[in-house]
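Protein chains in written order, with my numbering: chain A, 28 to 273; chain B, 130 to 389; chain C, 5 to 205.
What the hints contain is simulated information worked out from the structure, not anything from laboratory work. Each residue gets a CB set at the ideal place from its N, CA and C atoms; glycine is no exception. Among the clues, some could well be false.
[To be verified] Cβ pair distances, simulated, as ranges:
id	chain 1	residue 1	chain 2	residue 2	range
1	C	THR143	B	ASP220	24 to 34 Å
2	A	ASN122	C	LYS88	35 to 45 Å
3	A	GLU137	B	SER132	50 to 60 Å
4	A	ARG255	B	LEU387	52 to 62 Å
5	C	ILE26	A	GLU137	14 to 24 Å
6	B	PHE155	A	ASP50	56 to 66 Å
7	C	GLU204	A	GLY223	54 to 64 Å
8	B	ASP347	C	GLU204	34 to 44 Å
[Stated by the list, open to error] Facing chain B, according to a computed beta carbon distance under 7 Å, are these residues of chain A, among others:
id	residue
9	GLY60
10	PHE110
11	GLU115
12	VAL157
13	ALA263
14	ASN270
[Said to hold, decoys possible] Derived pair list, reagent style DMTMM-like, types lysine to aspartate or glutamate, alpha-carbon separation capped at 20 Å:
id	chain 1	residue 1	chain 2	residue 2
15	B	LYS306	A	GLU115
16	A	LYS267	C	GLU6
17	C	LYS82	B	GLU230
18	A	LYS271	C	GLU183
19	A	LYS262	C	GLU109
20	A	LYS86	B	ASP218
21	B	LYS303	A	GLU115
22	C	LYS56	A	GLU143
23	C	LYS82	A	GLU97
24	A	LYS262	C	GLU183
25	B	LYS292	A	GLU143
26	A	LYS86	C	ASP108
27	C	LYS130	A	GLU115
28	C	LYS176	B	ASP218
29	A	LYS262	C	ASP12
30	A	LYS98	C	GLU109
31	C	LYS167	B	ASP218
32	A	LYS130	B	ASP332
33	C	LYS111	A	GLU97
34	A	LYS86	C	GLU184
35	B	LYS256	A	GLU115
36	A	LYS271	C	ASP192
37	B	LYS256	A	GLU114
38	C	LYS111	A	GLU87
39	B	LYS306	A	GLU114
40	C	LYS82	A	ASP95
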Amino acid sequence: MGSSTNKPELIVNGKRLDGRAFDELRPIKIEAGVLKNADGSAYLEWGKNKIFAAVYGPKEALPKHTGDPEKAVIKCRYSMAPFSSLEEHGRSGPNRRAIEISKVTKEVFENVIMSENFPGTEIDIFIEVVQSDGGTRAAGITAAAVALATSGIPMRDLPYAVSAGKIGEHVIIDLNKIEDNYSDADMPMAISPRTGNVLLLQMDGSLTRDEFKQAVEMVKKAGQTISRIQREALKAPYEKISNKYK
Amino acid sequence: MQSVNSIKSAYIKEMLNNGVRSGRGFMDYREISILTGIIPNAEGSAEVNLGSTKVLAGVKLDLDEPMPDKPNEGNLVISAELLPLASADYDTGPPSPEAIELARVVDRGIRAAGIIDTESLFIEEGKVWSVFVDIYIMNYDGNLFDASTLAAVSALKTTRMPKYEDNNVIREGKLGKLKTKGIVTSCTYAKIGKSIVLDPDGDEESVMDTRLTIANDDTYIRAMQKGLSGSFTQHEIEELVDTTFEKSKSLRSIINKLSD
Amino acid sequence: MEIVIPGDMILDKPIHMENTFIEDGKTYAAVLGIFDQEKKTLIPLEGLWYPKHGELVVGIIIEEKLNSYVVDLNAPYKGILVAKYVRDKLSVGDIIEATVKELDETKTVVLMRERKLYGGKIIDVKPSKVPRIIGKNNTMIKQLTEGTKSTIIVGMNGRVWIKGGDVALTTKAILRIQEEAHTSGLTDRIREMLEKSNKEQ
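The shape of chain A in the complex, shown without the other chains:
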């Protein structure tokens, strides 16, 4: 959480700094299949976040000892480009935060990928954040789900993710960077829309039980919009060609 000195006013006249309502998402745009070599890919813009997601596999698990004779092993690499932040030049190579995000992201997809169909193989998910403005792990998961769907790897659902949080006494959805730094609670969540199951949950700050419930409701409501955008992105390339030849 941010320091309490130098803390900017995050809510002015009942609106957030960027003019959004408490339950309003930043604009999201997704384009499927943008990288030719990958087996599946997507490019996503979420507010100022810009993220590429790509999938390779299923392919032979290497080194062999990392494979599982019962099912496909899911591997995930979340990474931020050194030029992605508004501040200084970042260092190359994964830091501890990126490694943790890679792990919890992998665990989202282990839930939905039908990995039992591909024993002894690995499925690699790559999330590259080329510009960041808060909520990149949620945006990355949302993009990776679309990339997986374009790869043809069978899944039981198409997960989405978004962060909820709290500023003062207001529960809010989709924190940008400055809100993330200074909020009183930050809670990224990933949901399996078909079942409503929670696939990722992280939180730090302070939330009452009621505030938590409110936050989850906000996440699920926002999820309807995010799921619709994912669906449209998957259909778009096909509809574009169909419309050409109607």
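We have chain A already, so just place chains B and C on it with the hints.
Chains B and C only, in chain A's frame:
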């Protein structure tokens, strides 16, 4: 052990021997597009698409200390990453020799051409600007050298200059541009059997015997790099230098047309 | 025709179909596809190849072992040819067509009845588009062969071997079929494309 790609591309050698190249002439570039300013958080950025090769370059300026042997100059640091998502053949981990060679060759062309005047990056004693250029390969389909040089130079030429005021770096608001001079580009050639082609794509690179990159501006050759094991004759190289001066004109004019 | 995404319910009852899964007595799509209401099948727009006995494949020999050859099939699993059943001696780099015999315990695709293919060019397409490249009653592939004079072998693994004739035209046509596989009128458009190109020559 032959790779699957080189086996699939074996037919290319015969085609070239018969004077046929898929969809273009031996000395033609694929379609090139350059977009700048696509990463507003960075001080400068560019995305280059050369056929299906996709390269992002981001420029960040940070406050730094000068190198001990150059106390009145700032620093230019150029790095490259072959992202694992760009090709089934790229792995995670520290930069491979290929990534390092790519960064160093692009660096040599830009440095030798004096695109950035490192003395202009001096702020005050003990304080200089470091210009970090990070080249991110997003999709590999051959000729990373030319695409990366185009991306790095396009990004640098549209980079905004942060302000240093009262010990603070100001990256937003009305800013001027990073001072640059001239344009450098590179032309990369692949030798496949007896044929030499400009701007090899991924399939062609999987069967090439050797490669030559020549970086130049409008007056001088600025850098050269021969890659892989095969060899060129002196005559071949001299011809390729001439071709480079010819072909680089259109590359420079694409960069000239870029707006901020 | 409604495009469905992973997790969409397609039937209110449990029917076993490829690229779907059953939960709580209902059938759901597991991949991006189009659900054909009449035929009650899910046509995958993106899908992987699930090898079946008797399918024809095109592969590349990538390794020679003591008793077998390892075959690259552009698929999650490799193929294997048992050396003692092989017709002619094979080497690394050879292109073959073969038939799927079965999957062994490690899901390696055991191949049989291989035939070496000489020269030619390989293009890899999405396995889900192979049926469209072949066409109902082979209509599309016949049209391609006649219009280009190429020999074309389409592996169910999505690997296509092309030799002779107008290879560039054949390649272009097959890639176009891949892109427009989900539309109607494709057979006619491809026929027009081939006729136009042949007129121009």
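Results of checking the hints against the structure:
Restraint check, THR143/C to ASP220/B: a C-beta distance of roughly 44 Å breaks the suggested window 24 to 34 Å. Taking the beta carbon of each, ASN122/A and LYS88/C are about 54 Å apart, not inside 35 to 45 Å as hinted. At roughly 31 Å, the beta-carbon separation of GLU137/A and SER132/B lies outside the given 50 to 60 Å, and the hint is violated. Under the hint 52 to 62 Å, the C-beta atoms of ARG255/A and LEU387/B, about 36 Å apart, miss the expected range.
Take ILE26/C and GLU137/A: their Cβ atoms lie about 20 Å apart, and the range 14 to 24 Å holds. Evaluation of the 56 to 66 Å hint for PHE155/B and ASP50/A yields a pass: the beta carbon distance comes to about 60 Å. In this structure, GLU204/C and GLY223/A meet the distance hint of 54 to 64 Å, their C-beta atoms being roughly 58 Å apart. Taking 34 to 44 Å as the suggested C-beta distance range, the pair ASP347/B and GLU204/C conforms, at roughly 41 Å.
The closest approach between the C-beta of GLY60/A and any C-beta of chain B is roughly 11 Å, which is over the 7 Å cut-off, so the hint fails. Taking 7 Å as the C-beta contact cut-off toward chain B, the hint placing PHE110/A at the interface holds, the least distance being around 3 Å. The beta carbon of GLU115/A is positioned within 7 Å of a beta carbon in chain B (closest approach about 5 Å), and the interface hint is therefore held. At its closest, the beta carbon of VAL157/A sits 6 Å from a beta carbon of chain B; the interface hint therefore holds under the 7 Å criterion.
The interface hint given for ALA263/A is broken, as the beta carbon of that residue sits about 20 Å from the closest beta carbon of chain B, more than 7 Å. Residue-level restraint check for ASN270/A is violated (minimum Cβ-Cβ distance to chain B is 25 Å; threshold 7 Å). A C-alpha spacing of about 18 Å is found between LYS306/B and GLU115/A, which places the hinted pair at or below 20 Å, so the restraint holds. Straight-line distance between C-alpha atoms of LYS267/A and GLU6/C comes to about 14 Å, which keeps the hinted pair within the 20 Å bound.
The suggested pairing of LYS82/C with GLU230/B is violated, with an alpha-carbon distance near 34 Å, which exceeds 20 Å. At most 20 Å may separate the alpha-carbon atoms for a hinted pair to count; LYS271/A and GLU183/C meet this at roughly 12 Å. Proposed proximity of LYS262/A and GLU109/C is contradicted: the alpha carbons are some 37 Å apart, above 20 Å. At roughly 12 Å between alpha-carbon atoms, LYS86/A and ASP218/B fall within 20 Å of each other, so this suggested pair holds.
Between LYS303/B and GLU115/A, the direct Cα distance comes to roughly 19 Å. Compliance with the 20 Å bound is thereby established for this hinted pair. The suggested pairing of LYS56/C with GLU143/A holds, with an alpha-carbon distance near 18 Å, which does not exceed 20 Å. Pair hint LYS82/C plus GLU97/A holds up; C-alpha atoms about 17 Å apart against a cutoff of 20 Å. A C-alpha spacing of about 14 Å is found between LYS262/A and GLU183/C, which places the hinted pair at or below 20 Å, so the restraint holds.
Of the pairs offered as hints, the one joining LYS292/B and GLU143/A is violated, with about 56 Å between alpha carbons and a cut-off of 20 Å exceeded. As the CA atoms of LYS86/A and ASP108/C are separated by approximately 17 Å, the hinted pair is consistent with the 20 Å bound. With a C-alpha separation of about 43 Å, the suggested pairing of LYS130/C with GLU115/A is violated against the 20 Å cut-off. For the given pair, LYS176/C sits about 26 Å from ASP218/B by alpha-carbon distance, which is inconsistent with the 20 Å threshold.
At roughly 13 Å between alpha-carbon atoms, LYS262/A and ASP12/C fall within 20 Å of each other, so this suggested pair holds. Only pairs whose Cα atoms come within 20 Å are accepted, and LYS98/A paired with GLU109/C is accepted, the gap being roughly 13 Å. Between LYS167/C and ASP218/B the CA atoms are separated by roughly 28 Å; this puts the pair beyond 20 Å, and the hint is violated. At most 20 Å may separate the alpha-carbon atoms for a hinted pair to count; LYS130/A and ASP332/B exceed this at roughly 35 Å.
For the proposed pair LYS111/C and GLU97/A, the alpha carbon gap of about 11 Å is at most 20 Å, so the pair holds. For a cut-off of 20 Å, the pair hint linking LYS86/A to GLU184/C is broken: about 27 Å separates their Cα positions. The suggested pairing of LYS256/B with GLU115/A holds, with an alpha-carbon distance near 15 Å, which does not exceed 20 Å. Distance check on the hinted pair: LYS271/A and ASP192/C sit about 15 Å apart at the alpha-carbon level, within 20 Å; holds.
Taken as a hint, the LYS256/B and GLU114/A pair is honoured in the structure, with Cα atoms around 18 Å apart against an allowance of 20 Å. At most 20 Å may separate the alpha-carbon atoms for a hinted pair to count; LYS111/C and GLU87/A meet this at roughly 11 Å. Pair hint LYS306/B plus GLU114/A holds up; C-alpha atoms about 18 Å apart against a cutoff of 20 Å. With a C-alpha separation of about 17 Å, the suggested pair LYS82/C and ASP95/A falls inside the 20 Å cut-off, and the hint holds.
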